[in-house]
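Residue numbers (numbering that gives the first Met the number 0), protein chains in the order written: chain A, 0 to 267; chain B, 0 to 267; chain C, 0 to 267; chain D, 0 to 267.
Keep in mind the hints are simulated off the structure, nothing from the lab.
Among these hints, one or two may not hold up.
As the list claims (entries may be wrong) - Simulated DEER-style distance windows between Cβ atoms: (1) D141/B x R251/D: 58 to 66 Å; (2) T56/B x N127/A: 56 to 64 Å; (3) A220/D x D141/C: 41 to 49 Å; (4) N127/A x A185/D: 51 to 59 Å; (5) A185/B x T30/C: 52 to 60 Å; (6) T30/A x R83/C: 13 to 21 Å.
As the list claims (entries may be wrong) - Derived list of chain C stretches under chain D, where covered just means 3 residues or more per stretch with a C-beta under 8 Å from a C-beta of chain D: (7) 80-90; (8) 114-128; (9) 204-213; (10) 238-245.
What the hints assert, rightly or not - Chain C residues, not near chain A, derived (Cβ > 12 Å throughout): (11) R34; (12) R35; (13) D49; (14) T56; (15) P93; (16) D161; (17) R174; (18) A185; (19) E221; (20) R256.
Virtual Cβ for every residue (Gly too), placed ideally from N, Cα, C.
There are 4 protein chains.
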Amino acid sequence: MIINRLIFARVTTTIRVALIQIDDYGPWTVTPEPRREMDLQYLQASLFADFAAFVDTYDGYAFYGRFDNMVAVVNEIDPADFERFQRQVRNRYPVTVSIGVGLAETPVEALSEASERLQAAGSAQDGNRREVLAIGDDEPDDTGMVTVGHFDVVDVTGSLTDRENAIDVSLAIRRATLELAAYLRAEYDSIAHFVGGDNIIGICSDIGPQAFDDAIEHVRAETGLELQVGIGRGPTAQAAGEQAKEALEQCRATGARIHGDGQLPADD
Amino acid sequence: MIINRLIFARVTTTIRVALIQIDDYGPWTVTPEPRREMDLQYLQASLFADFAAFVDTYDGYAFYGRFDNMVAVVNEIDPADFERFQRQVRNRYPVTVSIGVGLAETPVEALSEASERLQAAGSAQDGNRREVLAIGDDEPDDTGMVTVGHFDVVDVTGSLTDRENAIDVSLAIRRATLELAAYLRAEYDSIAHFVGGDNIIGICSDIGPQAFDDAIEHVRAETGLELQVGIGRGPTAQAAGEQAKEALEQCRATGARIHGDGQLPADD
Amino acid sequence: MIINRLIFARVTTTIRVALIQIDDYGPWTVTPEPRREMDLQYLQASLFADFAAFVDTYDGYAFYGRFDNMVAVVNEIDPADFERFQRQVRNRYPVTVSIGVGLAETPVEALSEASERLQAAGSAQDGNRREVLAIGDDEPDDTGMVTVGHFDVVDVTGSLTDRENAIDVSLAIRRATLELAAYLRAEYDSIAHFVGGDNIIGICSDIGPQAFDDAIEHVRAETGLELQVGIGRGPTAQAAGEQAKEALEQCRATGARIHGDGQLPADD
Amino acid sequence: MIINRLIFARVTTTIRVALIQIDDYGPWTVTPEPRREMDLQYLQASLFADFAAFVDTYDGYAFYGRFDNMVAVVNEIDPADFERFQRQVRNRYPVTVSIGVGLAETPVEALSEASERLQAAGSAQDGNRREVLAIGDDEPDDTGMVTVGHFDVVDVTGSLTDRENAIDVSLAIRRATLELAAYLRAEYDSIAHFVGGDNIIGICSDIGPQAFDDAIEHVRAETGLELQVGIGRGPTAQAAGEQAKEALEQCRATGARIHGDGQLPADD
Chain A
0 MIINRLIFAR VTTTIRVALI QIDDYGPWTV TPEPRREMDL QYLQASLFAD FAAFVDTYDG
60 YAFYGRFDNM VAVVNEIDPA DFERFQRQVR NRYPVTVSIG VGLAETPVEA LSEASERLQA
120 AGSAQDGNRR EVLAIGDDEP DDTGMVTVGH FDVVDVTGSL TDRENAIDVS LAIRRATLEL
180 AAYLRAEYDS IAHFVGGDNI IGICSDIGPQ AFDDAIEHVR AETGLELQVG IGRGPTAQAA
240 GEQAKEALEQ CRATGARIHG DGQLPADD
Chain B
0 MIINRLIFAR VTTTIRVALI QIDDYGPWTV TPEPRREMDL QYLQASLFAD FAAFVDTYDG
60 YAFYGRFDNM VAVVNEIDPA DFERFQRQVR NRYPVTVSIG VGLAETPVEA LSEASERLQA
120 AGSAQDGNRR EVLAIGDDEP DDTGMVTVGH FDVVDVTGSL TDRENAIDVS LAIRRATLEL
180 AAYLRAEYDS IAHFVGGDNI IGICSDIGPQ AFDDAIEHVR AETGLELQVG IGRGPTAQAA
240 GEQAKEALEQ CRATGARIHG DGQLPADD
Chain C
0 MIINRLIFAR VTTTIRVALI QIDDYGPWTV TPEPRREMDL QYLQASLFAD FAAFVDTYDG
60 YAFYGRFDNM VAVVNEIDPA DFERFQRQVR NRYPVTVSIG VGLAETPVEA LSEASERLQA
120 AGSAQDGNRR EVLAIGDDEP DDTGMVTVGH FDVVDVTGSL TDRENAIDVS LAIRRATLEL
180 AAYLRAEYDS IAHFVGGDNI IGICSDIGPQ AFDDAIEHVR AETGLELQVG IGRGPTAQAA
240 GEQAKEALEQ CRATGARIHG DGQLPADD
Chain D
0 MIINRLIFAR VTTTIRVALI QIDDYGPWTV TPEPRREMDL QYLQASLFAD FAAFVDTYDG
60 YAFYGRFDNM VAVVNEIDPA DFERFQRQVR NRYPVTVSIG VGLAETPVEA LSEASERLQA
120 AGSAQDGNRR EVLAIGDDEP DDTGMVTVGH FDVVDVTGSL TDRENAIDVS LAIRRATLEL
180 AAYLRAEYDS IAHFVGGDNI IGICSDIGPQ AFDDAIEHVR AETGLELQVG IGRGPTAQAA
240 GEQAKEALEQ CRATGARIHG DGQLPADD
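Between the sequences and the hints, there should be enough to build the whole structure, so can you do that?
Below is the structure:
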């Protein structure tokens with residue numbers, strides 16, 4: 000394990016996660032008859048693009064999830080501000096969205112809370128559940144630090160994109176993503192998501208470089224693909240993610256597999 | 000295996016597949032310094048939305064792939080018409096795209112041809128490779144029938160969405176998608192892609208209901224998730240996909256796990 | 000009058016014009032209470048962008064008109080193809096559109112026919128009138144040549160943009176646009192529309208360079224602004240407009256006030 | 000003059016206006032040859048849609064102006080926040096934008112200041128002027144109240160849209176808009192802009208109901224079109240505009256030609 004410039008420290012983390020769900024979407028897609036698939040793809044991708052732009056305003060990170068269920072890490076938002084996104088959707092799209100927000104020490108706990116709050120408000124396919132904003136009433140104002148790991152495949156262009164069939168490249172990267180996401184979820188209560196190309200972003204709370212090293216090793220063992228990761232930490236996903244990107248640039252420049260800028264959590 | 004209304008027949012298939020690649024994208028995303036992640040997400044999702052709309056004009060199906068590498072099945076297009084999409088991208092976005100097109104009996108062969116043509120024109124990160132349209136010179140005019148399988152998870156809302164943490168639902172569906180895609184690729188030279196919610200679309204050439212049954216069984220064995228599939232066939236992905244969606248509605252209505260409308264390929 | 004390279008010839012013209020109307024839009028904008036103005040601006044601009052892209056597929060020209068009533072000149076379209084745009088709108092937006100199509104020797108006659116057909120189908124604010132496509136039953140297949148005049152203000156950057164208050168520049172150009180449009184409508188049954196910057200596009204049927212010279216002179220007399228115009232002619236607005244743009248480049252290069260490429264109509 | 004519920008009071012106003020200019024746009028549209036017109040229309044409309052959404056975040060109002068020169072009234076923004084819009088444009092579009100911001104007692108003065116600051120930074124067609132943000136260094140933090148008049152044509156659907164040719168309706172409304180805008184600019188240093196349908200929005204500083212009545216009378220005398228206006232006042236364009244819309248609803252309900260909610264300026 001080659002790690003540069005890591006400063007080890009433990010902090011208490013609190014992370015805010017939002018779950019966005021298109022209301023009654025399944026039934027809508029087949030009413031009065033199945034809607035044209037490319038129109039659905041257009042709608043879903045546009046909605047995610049808009050959601051990413053909205054979340055960006057608050058220095059958060061959004062992930063497309065299953066498209067009809069999108070996820071965001073947005074520490075510095077007043078949960079009531081999600082009403083603005085609900086209004087935008089209502090005035091731009093033929094669908095509406097409900098939103099659950101959770102706050103917890105780990106991303107998965109926070110997302111669980113968000114999921115439960117939304118589920119308590121009604122089924123995703125309940126035609127009467129419209130534009131719910133389930134933020135609870137005990138929402139503390141302050142969140143803590145978030146740790147972001149920005150992963151990619153070592154020399155993906157030379158080893159895969161310029162050499163292999165696009166489908167096999169895709170499958171390889173998707174398998175690596177899935178193994179990474181499942182590992183981080185099981186071991187560290189963290190979320191990881193594919194973000195395009197060969198990039199995977201992990202949203203973590205309080206894990207150190209050894210954990211990232213273990214994760215990379217796990218993916219290598221399961222899939223044969225070698226990942227590298229830049230690690231960042233900050234009060235928002237954007238702040239942490241920006242550091243992580245810069246750290247990943249250092250991986251590319253130095254050949255280190257793990258690189259962190261700034262103050263990172265220590266291993267246990 | 001419960002299968003309704005399938006008419007068995009073998010046909011020769013020829014499928015046109017296009018591979019769209021953002022030119023020199025990796026370097027662009029970090030020049031002069033790493034660009035803001037949510038801006039990249041916005042760009043990628045918008046580009047895919049536009050690509051889906053373009054492909055829809057020709058009754059094709061587009062998949063976001065890795066976002067910087069997108070894939071489409073578009074039988075009824077003159078490959079030169081892709082120039083129109085290249086022009087649109089050039090005039091709408093800060094990036095440009097190169098496109099390779101292949102024609103073959105199976106989706107994977109066609110995509111291989113498209114990949115090779117594009118790779119022959121230069122690396123995806125070659126700053127001098129811009130707006131290549133690699134369609135070869137031996138392109139026959141006619142394509143054949145395409146078979147589409149539209150899969151989803153049996154009772155996903157009741158069993159997963161309304162019950163589980165959104166991250167675990169996502170992981171389960173992503174694992175099912177990956178197992179299905181890898182199986183169809185290995186066994187039947189076919190492509191499968193996640194299209195949102197719990198939906199997976201398989202683009203196949205000449206496979207019959209037994210193959211789909213085997214695929215569903217494979218996914219159940221590997222992941223525990225039970226899929227159902229509507230099967231359609233037609234001269235374009237859209238025509239076949241529309242049938243497949245209607246057939247999937249029949250699965251939902253009747254409890255059949257496999258349903259096909261119209262003339263479907265027979266098993267060997 | 001300095002005119003270069005004009006070849007004079009008279010032809011019979013037939014022009015297809017479409018009028019797109021958002022269904023029941025006024026009431027929608029204030030139900031249940033006035034919707035947020037910037038959301039309406041976003042919706043209208045997005046809808047026009049999509050309409051322009053749709054019309055471009057058929058080599059037509061689209062104008063935003065009053066945004067809730069948009070206009071397009073699309074010679075080479077099967078009027079039934081407008082259903083595709085109606086479907087796109089239905090699946091992308093919270094509103095739907097009705098469309099009237101007319102075919103006549105002049106743009107204004109064609110638009111009148113389109114307007115009347117739409118009006119015959121019900122009021123723009125009739126909540127029951129949804130997604131009408133009023134194309135008549137006597138629609139001939141073939142259209143003729145269309146003449147496009149692409150106007151701009153001589154040295155607008157030097158004389159206005161870099162010198163004056165943006166509001167006064169806007170007012171001056173809007174006044175010139177209005178005088179030009181009113182003149183072309185009254186004298187030549189033609190349509191003119193502002194297209195951004197200092198550009199105005201006239202869609203005309205069968206008028207020659209003297210008519211354009213008269214129009215420019217009229218604008219100068221009424222507003223003091225000096226316009227120049229490139230003239231083009233072709234089977235579609237796009238073909239004619241491309242010529243007109245190239246001709247306008249020649250105006251800029253040579254100082255000529257009127258320039259035409261290709262075969263243009265003669266004066267009477 | 001029928002005016003309801005107006006409360007008269009004079010306040011000192013300070014208004015922030017921003018001028019957005021696409022950098023070097025004219026040359027770009029014709030390099031290396033004239034770009035396709037519908038692509039330019041798409042680009043301009045998309046850029047305005049995005050700008051409207053951006054400005055909405057700060058409760059401002061944006062107007063498309065000449066599309067390559069857009070205008071916004073955004074009282075409650077830190078001028079440095081416009082950098083965020085510049086970044087979005089850079090990462091979404093093939094063009095970049097420069098922005099000038101002015102602060103003054105009237106909209107026209109503020110726009111003049113914005114224009115001058117931008118002009119001082121270089122010509123709109125200077126290829127070296129890129130992404131200027133000209134906000135000056137003496138920018139006070141606080142702005143005052145803004146008065147918004149939201150105008151429309153009395154019974155436009157019954158008298159025009161459902162009766163007349165779309166081109167003549169457009170010309171009539173554009174002439175009314177121009178006369179109104181020119182009058183408000185000359186008499187009250189105010190800005191008015193067409194916002195779609197038959198709606199015109201006036202951004203004013205410190206004018207009372209008599210001024211609006213005079214403006215309506217001026218338009219009637221010049222064009223024969225009868226306007227009505229709802230008047231609102233607030234610390235932001237959005238707050239004032241929302242009141243104005245509600246007041247306009249009262250005009251529609253009561254037949255009053257002028258209606259104001261809340262605290263409005265008195266006449267001199």
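(message) Let me make sure I understand: some of the numbered hints might not hold for this structure. Which ones are they, in numerical order?
(response) Hints 2, 7, 9, 11, 12, 13, 15 not satisfied by this model.
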